[in-house]
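S.K.: The chain contents come next:
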Amino acid sequence: MEFKDYYQTLGVAREATADDIKRAYRKLARKYHPDLSKMADAEARFKEVGEAYEVLKDAEKRAAYDKLGQHWRAAGARPGEDVKPPPGWDSGFEFRGAETEDLADLFESMFAHRTRRAAGGARGQGEDHHAKVQIDLEDAYRGARVTASLRMPTMDAEGRVTFTERRVEVDIPRGVREGQHLRLAGQGGPGHGGARAGDLYLEIVYRPHRLYHVERSDVTLVLPVAPWEAALGADVIVPTPAGRVQLTVPAGSTHGRRLRLKGRGIPGDPPGDLYAVLSVTWPPADTQAARKLYHQMAETMAFDPRATLEG
Amino acid sequence: MTDSDKGPLRGEVIEESVQLTLTELCHACGAQPDVIVELVDHGVIDPEGANAHDWRFAGDSLRRSRLALRLVRDLGVNVAGAGLALELMARIDHLQAVLDVLNPQRSRP
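Top line first, the protein sequences correspond to chains A and B.
The C-terminal residue of the first sequence carries number 311 in this note's numbering, and the numbering is unbroken.
The C-terminal residue of the second sequence carries number 109 in this note's numbering, and the numbering is unbroken.
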């Protein structure tokens with residue numbers, strides 16, 4: 001079993017008071033909460049912190065953990081190392097469940113008589129389940145059939161939660177937006193006593209796209225244009241998630257101008273819009289001919305880009 | 001276990017074609033009605049309908065409710081605090097979207 005230093009996880013001393021532990025946990029929970037943090041490993045960190053707190057906040061579990069920790073330290077174990085708990089170390093605690101390889105599971109099973117939820121008492125409609133499904137932006141334009149891999153929690157007779165892997169093939173309707181939910185009737189937890197099964201809610205998440213940024217039903221593309229296209233106007237070909245379209249860049253356009261392609265955002269009623277934000281891109285002065293042209297502009301154009309800086 | 005042999009599943013988009021009743025929202029969130037009523041009282045979610053029996057939850061009530069309840073459960077904040085967090089998160093999302101367009105190279109992976 002892997003030795004985890006719960007005190008280290010929470011950044012508190014071994015003699016920390018219950019208040020110290022609570023304070024440390026709350027601070028770290030805010031920092032790593034998967035809904036709040038953009039860190040890639042936020043969810044794992046949040047779980048670690050939660051696992052540590054689950055044990056240390058409870059006087060009885062903390063005492064059991066400390067007893068186990070003394071043994072581990074005596075054996076010279078470092079966090080992450082595998083160590084077997086000594087035989088009989090858990091005497092005095094009501095222990096149930098099979099051999100376990102995971103410290104969190106161990107505590108879960110030791111104190112199962114307390115953490116157990118009302119198993120068997122549940123009657124009626126099965127639980128609703130939730131999962132996220134990632135799709136490409138193009139899928140939202142066309143509709144798509146995706147296979148989602150779901151980890152479904154199931155509760156055994158002891159009231160312990162285990163996870164089973166399940167794959168479902170789902171039709172994603174055209175026009176679905178990020179954050180929306182697809183309800184699959186009867187695909188949730190099984191009903192009890194002949195009642196109907198719960199529903200499965202799939203939250204739609206778009207995979208990040210190289211070209212497009214999405215906000216609600218509007219899609220934005222940064223469109224590079226040459227200085228003469230912006231200045232003189234041009235018809236340019238623009239990629240959209242539904243295919244290429246022609247866009248007229250009006251003469252006299254400046255960097256950052258937003259051009260709207262009405263109704264070319266996420267399909268719907270009404271559909272979103274697609275915005276092309278102009279990014280004026282200068283050719284490098286890396287040839288004799290190019291340098292000559294820049295010189296010519298400098299001499300010919302009475303242009304002071306810093307005119308607006310003068311009081 | 002795979003369900004592929006039963007053919008693809010078809011769902012309905014909650015936010016488009018369906019509005020949830022209080023009972024359905026409670027069930028979907030695994031929450032008691034009084035918790036959902038508290039979310040409504042604090043304006044975290046905003047149903048149509050004059051009283052709880054007629055309430056119809058549309059838009060992203062489901063996402064907002066579940067998010068608020070996670071924050072309450074995990075962080076020990078109260079419903080007002082969770083509501084405030086949701087507003088601030090929405091503003092950050094909007095600002096991030098603006099930033100992504102301004103700095104396409106530096107946007108999130």
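Just so you know, these hints were derived from the structure itself, not from any lab.
Since the model is a prediction, treat every value here as computed from it, not as a measurement.
Hints may contain errors.
[Claimed, not checked] Negatives, chain B to chain A, calculated, CB over 10 Å: (1) Pro8; (2) Glu12; (3) Glu16; (4) Thr21; (5) Gln32; (6) Val35; (7) Asp60; (8) Leu84; (9) Ala85; (10) Ala97; (11) Val101.
[Said to hold, decoys possible] Ranges between beta-carbon positions, derived for each pair: (12) Leu211(A) / Glu87(B): 26 to 36 Å; (13) Arg207(A) / Ala50(B): 51 to 61 Å; (14) Arg56(B) / Gly11(A): 25 to 35 Å; (15) Glu12(B) / Thr17(A): 50 to 60 Å; (16) Val98(B) / Leu309(A): 54 to 64 Å; (17) Gly256(A) / Arg73(B): 21 to 31 Å.
[To be verified] If you want the footprint, here are the derived chain A segments under chain B, 3+ residues with CB under 8 Å: (18) 54-66; (19) 168-174; (20) 226-239; (21) 291-298.
We put the CB at the ideal spot given by N, CA and C, even for glycine.
S.K.: If any of the earlier hints don't hold here, list their numbers in rising order.
M.R.: 1, 2, 3, 7, 9, 10, 11, 13, 14, 16, 17, 18, 20, 21
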